[in-house]
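Construct the entire structure; sequences and hints are all you get.
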Amino acid sequence: MDGFWYKEWTQGRRFVIKITPGEQIRERLQQFAAAARVKNAVIVSAVGSVKNVAFRGIKAGAKLPITEPRMHQHQAAGPLELLGLDGNLITDEKGDIDCHLHILVGKSSGEVVGGHLFDAQVFATCEILLTEMLVEGVERHPSKSGGVATIFIDEEA
Amino acid sequence: MDGFWYKEWTQGRRFVIKITPGEQIRERLQQFAAAARVKNAVIVSAVGSVKNVAFRGIKAGAKLPITEPRMHQHQAAGPLELLGLDGNLITDEKGDIDCHLHILVGKSSGEVVGGHLFDAQVFATCEILLTEMLVEGVERHPSKSGGVATIFIDEEA
Amino acid sequence: MDGFWYKEWTQGRRFVIKITPGEQIRERLQQFAAAARVKNAVIVSAVGSVKNVAFRGIKAGAKLPITEPRMHQHQAAGPLELLGLDGNLITDEKGDIDCHLHILVGKSSGEVVGGHLFDAQVFATCEILLTEMLVEGVERHPSKSGGVATIFIDEEA
Chain A
170 MDGFWYKEWT QGRRFVIKIT PGEQIRERLQ QFAAAARVKN AVIVSAVGSV
220 KNVAFRGIKA GAKLPITEPR MHQHQAAGPL ELLGLDGNLI TDEKGDIDCH
270 LHILVGKSSG EVVGGHLFDA QVFATCEILL TEMLVEGVER HPSKSGGVAT
320 IFIDEEA
Chain B
170 MDGFWYKEWT QGRRFVIKIT PGEQIRERLQ QFAAAARVKN AVIVSAVGSV
220 KNVAFRGIKA GAKLPITEPR MHQHQAAGPL ELLGLDGNLI TDEKGDIDCH
270 LHILVGKSSG EVVGGHLFDA QVFATCEILL TEMLVEGVER HPSKSGGVAT
320 IFIDEEA
Chain C
170 MDGFWYKEWT QGRRFVIKIT PGEQIRERLQ QFAAAARVKN AVIVSAVGSV
220 KNVAFRGIKA GAKLPITEPR MHQHQAAGPL ELLGLDGNLI TDEKGDIDCH
270 LHILVGKSSG EVVGGHLFDA QVFATCEILL TEMLVEGVER HPSKSGGVAT
320 IFIDEEA
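Going down the list, the protein sequences come from chains A, B and C.
To convert, take the position in the first sequence, counting from 1, and add 169; that gives this note's numbering.
To convert, take the position in the second sequence, counting from 1, and add 169; that gives this note's numbering.
To convert, take the position in the third sequence, counting from 1, and add 169; that gives this note's numbering.
Don't take every hint at face value.
Which copy is meant is left open, so a pair is good if it fits within one copy or across any two.
Here are the simulated SDA-like cross-link-like pairs (lysine to any residue), alpha carbons at most 20 Å apart as the crow flies [what the hints assert, rightly or not]: (1) 263 x 205; (2) 232 x 184; (3) 176 x 208; (4) 228 x 318; (5) 263 x 225; (6) 232 x 278; (7) 208 x 184; (8) 176 x 206; (9) 208 x 175; (10) 228 x 239; (11) 232 x 221.
By construction, these hints were calculated from the structure, which means they are not laboratory data.
Pasting the structure below:
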């Protein structure tokens with residue numbers, strides 16, 4: 170294909186996940202996936218509140234690949250409203266689940282900040298609705314040209 | 170479970186909902202749920218534009234539980250682009266549908282604000298795609314320690 | 170119905186789509202829909218990074234319909250983290266797929282901007298999870314009163 174790739178997948182199980190105050194969202198999502206034997210999944214919805222949010226943004230004018238000097242890392246103590254958590258859990262080439270998550274959080278001023286999520290702690294609550302993806306031939310690998318781990322679809326080879 | 174809870178649910182009906190200009194989104198979603206006899210649901214996608222958006226953020230440094238002195242309430246007259254509406258509709262312990270919605274809206278400057286949604290009026294249009302959740306043993310209850318109503322999963326007891 | 174309309178739809182196929190660096194997201198989504206013969210769909214999740222993002226916001230105090238003098242158009246060179254891409258693909262009255270997309274992007278400062286998307290180029294990667302909607306009697310038409318193209322549900326007539 171020219172410029173894009175796509176693959177059909179089948180919907181597996183559906184889960185509601187609630188993460189306890191004080192816990193790390195990304196770490197607990199990985200543990201959930203291991204406990205429920207989920208290999209691939211997509212987050213449909215997430216609401217709640219968070220604190221100690223570690224995320225990054227890409228510097229304006231940066232070139233590919235994305236390297237550490239080309240990003241800014243942030244730490245927001247909060248607490249903050251959790252306004253968006255988009256992302257997917259895809260098995261990598263070693264068979265481990267890899268979460269690719271982007272976060273949007275709201276300050277008390279109403280201002281919204283966010284970026285590529287390293288991790289965040291739950292403040293009052295965190296409710297996640299997630300769909301398991303049943304699919305073969307889709308894996309997460311590091312992309313040398315992009316500098317990030319990304320989905321690879323087998324037909325791309 | 171340690172640090173998180175999860176439960177499987179089954180996908181019910183799928184709906185496209187269009188809310189008329191001037192109407193309150195949260196109120197109309199509740200009426201939709203009553204009309205379609207939906208007990209639990211998750212918002213998959215929402216686009217449109219809004220005005221008179223009432224929402225809140227949590228003050229930096231606030232402790233749990235979230236109480237009124239620990240939040241800032243906002244009223245944005247707009248109109249504003251509706252850029253995100255994440256949330257779920259869960260039946261509470263009285264059998265009423267309770268919407269937990271977080272909103273993201275864009276100003277003409279491009280700046281994005283948002284928070285926990287009280288309610289908002291539709292400006293030009295509002296298109297919502299929603300999935301019914303079929304599940305037993307999941308309810309919304311007030312959390313004394315958190316100060317907010319949140320999902321409780323029966324195995325937590 | 171009074172104040173809102175709704176219609177049930179059936180879930181069709183599920184797709185993972187990966188758009189190549191340098192490509193236009195909106196244009197490639199339209200091409201994907203044509204290639205996979207998808208008539209109606211909703212974006213469930215999108216993560217990645219973008220550059221040259223063209224979007225618009227509505228001016229504060231604007232009246233309906235939304236016309237060009239009542240909006241501000243923006244061009245963000247980036248690169249920026251792609252933090253949200255909400256929207257749907259609905260067939261219009263001419264049988265063409267029409268994408269209604271709203272975007273949220275994060276700057277290196279952590280600040281988030283966004284609005285109604287004209288188009289954006291992929292920077293490092295763009296991973297989209299999408300659900301096909303099987304439904305009759307739902308079309309996108311221009312709304313004279315609103316100034317935008319929106320979903321029309323047949324029972325509205």
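Output the numbers, in ascending order, of every earlier hint that fails for this structure. Going through the list in order, the structure violates hints 2 and 5 and respects the others.
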